[in-house]
Amino acid sequence: EDQVTQSPEALRLQEGESSSLNCSYTVSGLRGLFWYRQDPGKGPEFLFTLYSAGEEKEKERLKATLTKKESFLHITAPKPEDSATYLCAVQGSNSGYALNFGKGTSLLVTP
Amino acid sequence: DSGVTQTPKHLITATGQRVTLRCSPRSGDLSVYWYQQSLDQGLQFLIQYYNGEERAKGNILERFSAQQFPDLHSELNLSSLELGDSALYFCASSGGVNQPQHFGDGTRLSIL
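Top line first, the protein sequences correspond to chains V and X. What the first sequence shows, in this note's numbering, is residues 1 to 111, in sequence order. What the second sequence shows, in this note's numbering, is residues 1001 to 1112, in sequence order.
The shape of chain V in the complex, shown without the other chains (with noise of 0.2 Å):
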């Protein structure tokens, strides 16, 4: 059975304190790793897509890469916008096209 494990939970940094988030899994036949932002009473906004060991994608101040175990999002002098909860899912071979989710890390970014 696929496996998503994000860390840590919850993260507070200070306005440009550069940080990564982690998310370790387990799959069958790696399709894709995905990357999202959630605010509250919002639904998942896409960032990225990984798909093969080493594969890196950059969006302004983030940052993913990707190994066969794990990825990190890499946030690099992040600002009070920044602030939200980031979920990882992957897709494998085994379940169709469904996502399956980590339990994400909040994230708050003070001045």
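Please note that a few of the clues may not be correct.
Here are the simulated lysine-lysine pairs, BS3-like style, with alpha carbons at most 25 Å apart [claimed, not checked]: (1) X/K1057 x V/K103; (2) V/K103 x X/K1009; (3) V/K79 x V/K59; (4) V/K68 x V/K42; (5) X/K1057 x V/K79; (6) V/K57 x V/K68; (7) V/K103 x V/K68; (8) V/K57 x V/K79.
Sample of chain V residues lacking proximity to chain X, with all beta carbon distances greater than 10 Å (derived) [as the list claims (entries may be wrong)]: (9) Q3; (10) G32; (11) L62; (12) K69; (13) L99.
Don't read these hints as lab results, they were simulated from the structure. Ideal placement from N, C-alpha and C gives every residue a C-beta, glycine not left out.
Chain X: place on chain V using the hints.
Relative to the frame of chain V, chain X by itself:
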């Protein structure tokens, strides 16, 4: 704006009742997915439809059913509601295999 529209935004009902949640996917997307999000379980996959046909089932209860219509909108029907069914229900759509799923803003269901 993801382009996925869900109605209603909020639904309050009583135990034993039946409700219908509606989802309009992004223009051109043939796949629709339903997920349930609760505080303790996180986002859980319920069911997927592709161009009107059921493609995959997750942890969907027998009291729940869904369908996708010829115009590609989808409905999730929840019956014999229990207190534990209170949750956020999200619909997502995608344009093809390995394509990202784009989520609506959900329907918050409260069972009293």
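Here is how each hint holds up against the structure:
1. Of the pairs offered as hints, the one joining X/K1057 and V/K103 holds, with about 20 Å between alpha carbons and a cut-off of 25 Å not exceeded.
2. Pair hint V/K103 plus X/K1009 holds up; C-alpha atoms about 23 Å apart against a cutoff of 25 Å.
3. A threshold of 25 Å between alpha carbons decides the hint, and for V/K79 with V/K59 the separation of about 14 Å falls inside it, so the pair holds.
4. Taking the CA atoms of V/K68 and V/K42, the gap is near 31 Å; set against the 25 Å cutoff, the hint is violated.
5. The straight-line distance between the Cα atoms of X/K1057 and V/K79 is roughly 39 Å, outside the 25 Å bound, and the hint therefore fails.
6. Simply put, V/K57 and V/K68 have alpha-carbon atoms about 16 Å apart, close enough for the 25 Å limit, and the pair holds.
7. Proposed proximity of V/K103 and V/K68 is supported: the alpha carbons are some 20 Å apart, at most 25 Å.
8. For a cut-off of 25 Å, the pair hint linking V/K57 to V/K79 stands: about 20 Å separates their Cα positions.
9. Annotated as non-interface, V/Q3 keeps its C-beta farther than 10 Å from every C-beta of chain X; the closest such distance is 12 Å.
10. With a cut of 10 Å on Cβ distances, V/G32 falls inside the contact zone with chain X, its closest approach being about 6 Å.
11. For V/L62, the non-interface assignment is confirmed: its Cβ lies about 15 Å from the closest Cβ of chain X, beyond the 10 Å cut-off.
12. Listed as outside the interface, V/K69 is consistent with that label: its C-beta sits roughly 20 Å from the nearest C-beta of chain X, beyond the 10 Å cut-off.
13. Some Cβ of chain X comes within 10 Å of the Cβ of V/L99; the nearest lies about 6 Å off, and the non-interface call is violated.
Checked against the numbered hints given earlier, this structure breaks hints 4, 5, 10 and 13; the rest are met.
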